[in-house]
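Novice: The lines below spell out each chain.
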Amino acid sequence: MSAAPETLAECAAALRAGAVTAVELLERSRARIAALDPQVNAFLSRTDDLADRAAVEADRLLSAGTPGLPALCGVPVAVKDVLCVEGAETTAGSLILRGFRPPYTATAVQRLLDAGAVLVGKTNCDEFAMGSSNENSAYGPVRNPWDLGRVPGGSSGGSAAAVAARMVPLSLGTDTGGSIRQPAALCGVVGFKPTYGRVSRYGLIAFASSLDQVGPFALSVEDAATCFAAVAGHDPLDGTSSPTSVEDPLGGLREGVDGLRLGVPHEYFGEGLDPGVRAAVEGALEVLRSLGATLEEVSLPTTDAALSTYYVIAPAECSSNLARYDGIRFGMREDRGSLLETYLRTRDAGFGAEVKRRIMLGTYALSSGYYDAYYRKAQKVRTLIADEFSRVFERVDAIVSPTSPVPAFPLGAHSDPLSMYLLDVLTVPVNLAGLPGVSVPCGLVDGLPVGLQVVAPRFLDARALRIAHAYEQATGWRTLRPASVEAVAP
Amino acid sequence: MTETLRGAPAMVDHEAVIGLEVHAQLLTRSKMFCGCPAGYVGAAPNENTCPVCLGLPGTLPVINRRAVEHTVRTALALNCEIPHFTKFDRKNYFYPDLPKGYQISQYDLPLSRNGHLEFSLDGRRVRCGITRVHLEEDTGTLHHAGDVLQSATSSLVDYNRSGVPLMEIVGEPDLRSAEEAREYLVRLRQILMYIGVNDGNLEEGSFRCDANVSVRPRGSDTLGVKVEIKNMNSFRAVQRAVEYEITRQITVLGAGETLHQETRGWVEARAATVSQRSKEHAHDYRYFPEPDLAPMVLSVEMVEEVRHTLPELPEARAARLVAEHGIGADDAGVLTATREEADSFERLVAAGVPARLAANWQVNAVNGLSNAHHVPLWESGLGIDGLAALLRLVDAGTVNQTTAKELLEELYLGGGDPGAIVRERGLGQVSDAAELAALVDAAIEANAKAVADFQGGKEGALQAVVGHVMKATKGRADAKLVNRLLRERLSG
Numbered sequence: 005m006s007a008a009p010e011t012l013a014e015c016a017a018a019l020r021a022g023a024v025t026a027v028e029l030l031e032r033s034r035a036r037i038a039a040l041d042p043q044v045n046a047f048l049s050r051t052d053d054l055a056d057r058a059a060v061e062a063d064r065l066l067s068a069g070t071p072g073l074p075a076l077c078g079v080p081v082a083v084k085d086v087l088c089v090e091g092a093e094t095t096a097g098s099l100i101l102r103g104f105r106p107p108y109t110a111t112a113v114q115r116l117l118d119a120g121a122v123l124v125g126k127t128n129c130d131e132f133a134m135g136s137s138n139e140n141s142a143y144g145p146v147r148n149p150w151d152l153g154r155v156p157g158g159s160s161g162g163s164a165a166a167v168a169a170r171m172v173p174l175s176l177g178t179d180t181g182g183s184i185r186q187p188a189a190l191c192g193v194v195g196f197k198p199t200y201g202r203v204s205r206y207g208l209i210a211f212a213s214s215l216d217q218v219g220p221f222a223l224s225v226e227d228a229a230t231c232f233a234a235v236a237g238h239d240p241l242d243g244t245s246s247p248t249s250v251e252d253p254l255g256g257l258r259e260g261v262d263g264l265r266l267g268v269p270h271e272y273f274g275e276g277l278d279p280g281v282r283a284a285v286e287g288a289l290e291v292l293r294s295l296g297a298t299l300e301e302v303s304l305p306t307t308d309a310a311l312s313t314y315y316v317i318a319p320a321e322c323s324s325n326l327a328r329y330d331g332i333r334f335g336m337r338e339d340r341g342s343l344l345e346t347y348l349r350t351r352d353a354g355f356g357a358e359v360k361r362r363i364m365l366g367t368y369a370l371s372s373g374y375y376d377a378y379y380r381k382a383q384k385v386r387t388l389i390a391d392e393f394s395r396v397f398e399r400v401d402a403i404v405s406p407t408s409p410v411p412a413f414p415l416g417a418h419s420d421p422l423s424m425y426l427l428d429v430l431t432v433p434v435n436l437a438g439l440p441g442v443s444v445p446c447g448l449v450d451g452l453p454v455g456l457q458v459v460a461p462r463f464l465d466a467r468a469l470r471i472a473h474a475y476e477q478a479t480g481w482r483t484l485r486p487a488s489v490e491a492v493a494p
Numbered sequence: 003m004t005e006t007l008r009g010a011p012a013m014v015d016h017e018a019v020i021g022l023e024v025h026a027q028l029l030t031r032s033k034m035f036c037g038c039p040a041g042y043v044g045a046a047p048n049e050n051t052c053p054v055c056l057g058l059p060g061t062l063p064v065i066n067r068r069a070v071e072h073t074v075r076t077a078l079a080l081n082c083e084i085p086h087f088t089k090f091d092r093k094n095y096f097y098p099d100l101p102k103g104y105q106i107s108q109y110d111l112p113l114s115r116n117g118h119l120e121f122s123l124d125g126r127r128v129r130c131g132i133t134r135v136h137l138e139e140d141t142g143t144l145h146h147a148g149d150v151l152q153s154a155t156s157s158l159v160d161y162n163r164s165g166v167p168l169m170e171i172v173g174e175p176d177l178r179s180a181e182e183a184r185e186y187l188v189r190l191r192q193i194l195m196y197i198g199v200n201d202g203n204l205e206e207g208s209f210r211c212d213a214n215v216s217v218r219p220r221g222s223d224t225l226g227v228k229v230e231i232k233n234m235n236s237f238r239a240v241q242r243a244v245e246y247e248i249t250r251q252i253t254v255l256g257a258g259e260t261l262h263q264e265t266r267g268w269v270e271a272r273a274a275t276v277s278q279r280s281k282e283h284a285h286d287y288r289y290f291p292e293p294d295l296a297p298m299v300l301s302v303e304m305v306e307e308v309r310h311t312l313p314e315l316p317e318a319r320a321a322r323l324v325a326e327h328g329i330g331a332d333d334a335g336v337l338t339a340t341r342e343e344a345d346s347f348e349r350l351v352a353a354g355v356p357a358r359l360a361a362n363w364q365v366n367a368v369n370g371l372s373n374a375h376h377v378p379l380w381e382s383g384l385g386i387d388g389l390a391a392l393l394r395l396v397d398a399g400t401v402n403q404t405t406a407k408e409l410l411e412e413l414y415l416g417g418g419d420p421g422a423i424v425r426e427r428g429l430g431q432v433s434d435a436a437e438l439a440a441l442v443d444a445a446i447e448a449n450a451k452a453v454a455d456f457q458g459g460k461e462g463a464l465q466a467v468v469g470h471v472m473k474a475t476k477g478r479a480d481a482k483l484v485n486r487l488l489r490e491r492l493s494g
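In order, the protein sequence lines correspond to chains A and B. Heads up, the first sequence is in my numbering, so the first residue is 5 and it goes up one at a time. Heads up, the second sequence is in my numbering, so the first residue is 3 and it goes up one at a time.
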């Protein structure tokens, strides 16, 4: 096994010790992308000029021994292609945005850059972040580094796979209904969805505004916490970002779980849960108990309504959010003389099947005569779901469960959209309630990773990370590496 | 039904029911949801734009607090209730001037509701309910090659107007005639300008009006089929369009035909409304709460703070001027047409000019010059202080009215010190009875015929004799005194 630094913490230490330069780390990252990405397809585009400049600047700061170096100084990172980077092609995995180069950078990305990160490129994802397998990308599916015949999960599949394959130690994804946690689970990495409002959405190409949240993928919980600390906090450009101060997620990270009460919702262990996943998660619960946590069975009876609620609200918002892709000002235009024909042809050629399906679902749910039956009712149920979590959090400090009911599945296995939607059942309620949730590797089933989900009350992001960290440190799962990674020298 | 009723529309007495919807751009420095300048007149196309008001992917709106304050100010001026909790919604439709494919507006929880506007018309009081005042964003503007949509081969979009704060003021269908509709608009515009939220420019579209018009048999309390009229760019156009539409609807009903709910446009050149869109083609806007903006909670303190900044409104101010200064109600109405005019009047009075004198001069001579030169008094070279100085000379009898008017015209644009000029040029009024007596005698001598006519009972003939004296003094003689002296001589 190579002694080369892999995690963010290792990279940061090696850089500060002078054992490696930022330029060398960047070259190593590029070499791994060159070797692995033809199979994995994690990257949609590279930001080479930006990366070169950032690496040189990082080395300048490092060699000058500047005090108070930013946390990510010289560390290669990748960001999901729904996050805008000034001057860099940003497609959201869609044909309709091919060639779109935004004149602004997303706040979350800017904060990474401000923290010294070296942005290597933009990662593949389901088109407009709609999907659970990354098969909905207009630029081809991402393949799971653990098994190239299987999906990495979605929608942030590229960001998850890039970290799993050690192309970069850190990446940003977005999570609307599980799009960070589920691919993290399926790719055997840590994925963290912060509390809604904790990380700015400015410059994030919206799927469902009331649910979208930006968060990190990393090889350890500590790395995820470091990245989260760098990007979190109020942004005057995002009216939904919280002005409350961010609790330092690193400060209490090592405080353990002794004395914490952890809720285990029995609805999350029901029908459809893969037996191997169940066994791995139950094993994880035993570890947490052995670390001093109290496990308590809790009930979240509206869980079965969450999925249908989500699949009304998210498409409704998406049907409106995606109206701006009309061929008038940017991106693809299929000019067909009349305005109506131009709209129809552009959107027909530019959007993929799943995006069209959700636009139609959402349009229907918001239509006059159906609004009360669908959208309004879904909003009421959403409130019930959030209230239910609040009540459970009166009794327990956090909730633990599987992240995904199944491990990574073969490409094409879920051609029926509904069966794909059902995979989101354990992650979607967390988005509906705006809670922080982290997925941490907790074992393998038939050689495929399994994720443990830890969910905390709103704005107690640090608590979710602390619990995940305690579990991770007590087990050796994070040192397991996908075979494809072993096959390629760093 | 009876043949007679159908065949004779005039037999059925109809009543018009009119409700107006006004869109008023708010006088804020920046746009509703971004930092771009809100003013776009004179700007190059698409100069005042940014990723937010162009609706680029990933951008988010941030509420302009000043626009909220302006809307609250308007709501207070229109006697509206202001709920504690309000939110923005999305109104979804596709059009090239709407960059996001939706307009951020307010649907079921507007910033204010249940107000009213009261005004006088032909000696009656008219009270029109205000359904709601809400806040939204304006759209961009389209420029069709060749100016006409139908024959245009291409269109250009200018997003300078996109995102300018726009207030929608929805009136109740309480108006019953085109005159009432017009007066409502005049009063509403006046109030908006008074409170400093809108510049009242109908031609440039910063103050726009749509009218909903229906007719019904007089005495009925059910509403007829409603027609919405658009494209009215002046008060006159509103009045004419509404008048036209009322007549058209009564005629259609009178002919035994049915009216359709539709949108019609006022075509000035044809002096007619023309059908644009029927109800079957009405949009389903799919309103839903704007997820990019948290709902707003308006604190009592904030509302009270805004109420504190509310100026005295025109009707109240006119009434106060009548009561306080004893000027006529008509003059008070003219003087309170704008806040600046009313301020000018009160400054003249404060500067020692008697109120009636100030009112008389401001309403007549000053307004005439202001209109002729397109320069209001407070921006003129003479200014309010200069006018006050001049009118004090009139009041003191130092100059007579004729001289003062000539000086006003001369100094209006360029300015100058009226007192100094009067001294320099010796324009002071001749009111010395001894000095005038000789001139009066000479005038009597020179106007024997006029004198004879006057003595023969022709009262008006005296003016020729007075005129002689005025001419001899180059207009400086105290006309009243000359009159008295003449009458004394001729009756003596």
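No wet-lab data here; the hints were simulated from the structure. Check each hint, because a few of them may be wrong.
Below, computed lysine-lysine pairings styled on DSS-like, alpha-carbon distance capped at 27 Å [stated by the list, open to error]:
#, chain 1, residue 1, chain 2, residue 2
1, A, K384, B, K93
2, B, K482, B, K460
3, B, K482, A, K384
4, A, K381, B, K89
5, B, K407, B, K482
6, B, K482, A, K360
7, B, K460, B, K476
8, B, K407, B, K476
9, B, K93, A, K381
10, B, K451, B, K473
11, A, K360, A, K381
12, B, K93, B, K228
13, B, K482, B, K451
Computed from the model, here is a short list of chain B residues facing chain A with C-beta under 7 Å [what the hints assert, rightly or not]:
#, residue
14, P59
15, D286
16, R288
17, L295
18, P297
Using C-beta positions, here's what the derived DEER-type ranges look like [stated by the list, open to error]:
#, chain 1, residue 1, chain 2, residue 2, range
19, B, S280, A, L343, 16 to 22 Å
20, B, S280, A, T387, 45 to 51 Å
21, B, A321, A, R395, 38 to 44 Å
22, B, R127, A, S342, 38 to 44 Å
23, A, S342, B, G207, 24 to 30 Å
We put the beta carbon where it would ideally sit given N, CA and C, even for glycine.
Novice: It remains to establish, for every hint, whether it holds in the given structure.
Specialist: Going through the hints against the structure:
1. K384(A) <-> K93(B): 21 Å, holds
2. K482(B) <-> K460(B): 19 Å, holds
3. K482(B) <-> K384(A): Measuring from Cα to Cα gives roughly 84 Å; hence the hint is violated.
4. K381(A) <-> K89(B): 19 Å, holds
5. K407(B) <-> K482(B): Cα-Cα ~17 Å, so holds.
6. K482(B) <-> K360(A): Distance ~89 Å between K482(B) and K360(A) Cα, so the pair is violated.
7. K460(B) <-> K476(B): 26 Å, holds
8. K407(B) <-> K476(B): 14 Å, holds
9. K93(B) <-> K381(A): Holds, because 20 Å separates the two Cα atoms, which is no more than 27 Å.
10. K451(B) <-> K473(B): Cα-Cα ~18 Å, so holds.
11. K360(A) <-> K381(A): With Cα atoms ~23 Å apart, K360(A) and K381(A) stay inside 27 Å; holds.
12. K93(B) <-> K228(B): Measuring from Cα to Cα gives roughly 22 Å; hence the hint holds.
13. K482(B) <-> K451(B): 22 Å, holds
14. P59: 4 Å, holds
15. D286: 5 Å, holds
16. R288: Holds, about 4 Å.
17. L295: Hint on L295(B): holds, closest Cβ of chain A at ~5 Å, below 7 Å.
18. P297: It is violated, given that the least Cβ distance between P297(B) and chain A is near 11 Å, above 7 Å.
19. S280(B) <-> L343(A): 16 to 22 Å: 20 Å Cβ-Cβ, so the 16 to 22 Å window holds.
20. S280(B) <-> T387(A): 45 to 51 Å: Violated, at about 39 Å.
21. A321(B) <-> R395(A): 38 to 44 Å: Given a distance of about 60 Å, which is not inside 38 to 44 Å, the answer is violated.
22. R127(B) <-> S342(A): 38 to 44 Å: 52 Å, violated
23. S342(A) <-> G207(B): 24 to 30 Å: For G207(B) against S342(A), whose Cβ atoms are near 27 Å apart, the range 24 to 30 Å holds.
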